[in-house]
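A.B. asks: Got two chains here, separate frames each, mind docking them using the hints?
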Amino acid sequence: GENVEQHPSTLSVQEGDSAVIKCTYSDSASNYFPWYKQELGKRPQLIIDIRSNVGEKKDQRIAVTLNKTAKHFSLHITETQPEDSAVYFCAASKPSGGSYIPTFGRGTSLIVHP
Amino acid sequence: DSGVTQTPKHLITATGQRVTLRCSPRSGDLSVYWYQQSLDQGLQFLIQYYNGEERAKGNILERFSAQQFPDLHSELNLSSLELGDSALYFCASSVGPAGGPDEQYFGPGTRLTVT
Numbered sequence: 013g014e015n016v017e018q019h020p021s022t023l024s025v026q027e028g029d030s031a032v033i034k035c036t037y038s039d040s041a042s043n044y045f046p047w048y049k050q051e052l053g054k055r056p057q058l059i060i061d062i063r064s065n066v067g068e069k070k071d072q073r074i075a076v077t078l079n080k081t082a083k084h085f086s087l088h089i090t091e092t093q094p095e096d097s098a099v100y101f102c103a104a105s106k107p108s109g110g111s112y113i114p115t116f117g118r119g120t121s122l123i124v125h126p
Numbered sequence: 231d232s233g234v235t236q237t238p239k240h241l242i243t244a245t246g247q248r249v250t251l252r253c254s255p256r257s258g259d260l261s262v263y264w265y266q267q268s269l270d271q272g273l274q275f276l277i278q279y280y281n282g283e284e285r286a287k288g289n290i291l292e293r294f295s296a297q298q299f300p301d302l303h304s305e306l307n308l309s310s311l312e313l314g315d316s317a318l319y320f321c322a323s324s325v326g327p328a329g330g331p332d333e334q335y336f337g338p339g340t341r342l343t344v345t
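Chains as they are written, first to last, in the numbering used here: chain V, 13 to 126; chain P, 231 to 345.
Computed cross-link-like contacts, BS3-like style, restricted to lysine-lysine with a CA-CA straight-line distance of at most 27 Å:
#1 V:Lys83 with V:Lys70
#2 V:Lys70 with V:Lys106
#3 V:Lys54 with P:Lys239
#4 V:Lys106 with P:Lys287
#5 V:Lys69 with V:Lys83
#6 V:Lys69 with V:Lys80
#7 V:Lys80 with V:Lys106
#8 P:Lys287 with V:Lys83
#9 V:Lys34 with V:Lys106
#10 V:Lys54 with P:Lys287
#11 V:Lys80 with V:Lys34
#12 V:Lys34 with V:Lys83
In silico negatives: residues of chain V with every beta carbon more than 10 Å from chain P:
#13 Thr22
#14 Gln26
#15 Ala31
#16 Ser40
#17 Ala75
#18 Thr77
#19 Lys80
#20 Thr81
#21 Ser86
#22 Ser97
#23 His125
#24 Pro126
Ranges between beta-carbon positions, derived for each pair:
#25 P:Thr243 with V:Glu14: 30 to 40 Å
#26 V:Ser24 with P:Asn281: 37 to 47 Å
#27 V:Ser108 with P:Arg341: 20 to 30 Å
#28 V:Pro94 with P:Glu292: 40 to 50 Å
No wet-lab data here; the hints were simulated from the structure. Ideal Cβ placement from N, Cα and C applies to all residues, glycine included.
Next comes chain P alone, as it looks inside the complex (with noise of 0.2 Å):
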């Protein structure tokens, strides 16, 4: 157990709906980063949080945005969703920047299925 925790595990959902994940972090850690694992596009970073503020932007989409919240726990919200927005969506935790690379802690993933 990684310390991390996403809800829901399984969401399934149709086409053009929209859906939120939750995430939180492991006590202390202040950065919360969202990836994404589909089989074609393989593990992706989308976001990172640090503390409040959006720190990092990766192939993030313009229908997901995030947020993270003053108990630092983060969402991600997903929008318009289609077919292929279907994968793994991971949540991972560090202590944040400090001058140097820190260690990712994953959550256990939520999987989205868009029908």
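Extracted from the complex, chain V is given alone in its bound form (with noise of 0.2 Å):
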């Protein structure tokens, strides 16, 4: 099955700085890669995705760019405000039966101190 590696595990960084989370996937299969994130006791919420035909997306302050030949891809948050912190995760999907089913990474915790 898949399987998604994400790194760091903890990021912390001064307010203003850029951050960057990396993920890579084992199945050439997946072609879909959304981000979540997840502030502490509430439940994940999706804040940028990308599909396999796209080498980049950007929204705001938020990106995300796919290397689909090294079977990775990452997140880009710049300009970091206090309020970005939370735990970030990626997935990476494929369609079975018709679903997308995501296999997450273990989590990033960011912290961002203002």
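C.D. replies: Here it is as structure tokens:
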């Protein structure tokens, strides 16, 4: 089955700095890569996603890049703010019977110091 | 608020017992997914239902079962509970298979503690 590795497990930055979280996946059939943000005690929320026919996608301060050949994808957050502090999960999904079921990384705890 | 509701919020029970977790999807969503989040295993997919039928199965134990009812709400049944079943159980919903991936909206979760 799919295996997703996520690094680092903890990332501490100063407000205004950039943060980068990296994930690798093992199954070349995976073609959809969502990123979720989970604040303490809250539910995971989709913040950005990318499909395998695209190399990069941006949404304001957040961007995701995908390298299909190397099977890795990354989340980039620029101009970090204290409210960006949360656990971020990457996931890799492939079609299975018409559904896309994610395999998640173990998460990165991002701490933004004011 | 995602529009997905889960009850109860918290559940404390003893080993060997059986519990039922309930999920109501967003209005219009036909797919319901169940996930388990624990410190040991991270966030893991358990099972998916679409319009009342099982659609995909993940790392769901035989002691666990689920169903989706005609009104589209879903229940996850956990039996013969063990200490290791203590976790946060999330339900998510989406419109459903539409030829491509669609966004899943997570509920607030049910925290299960087995003592």
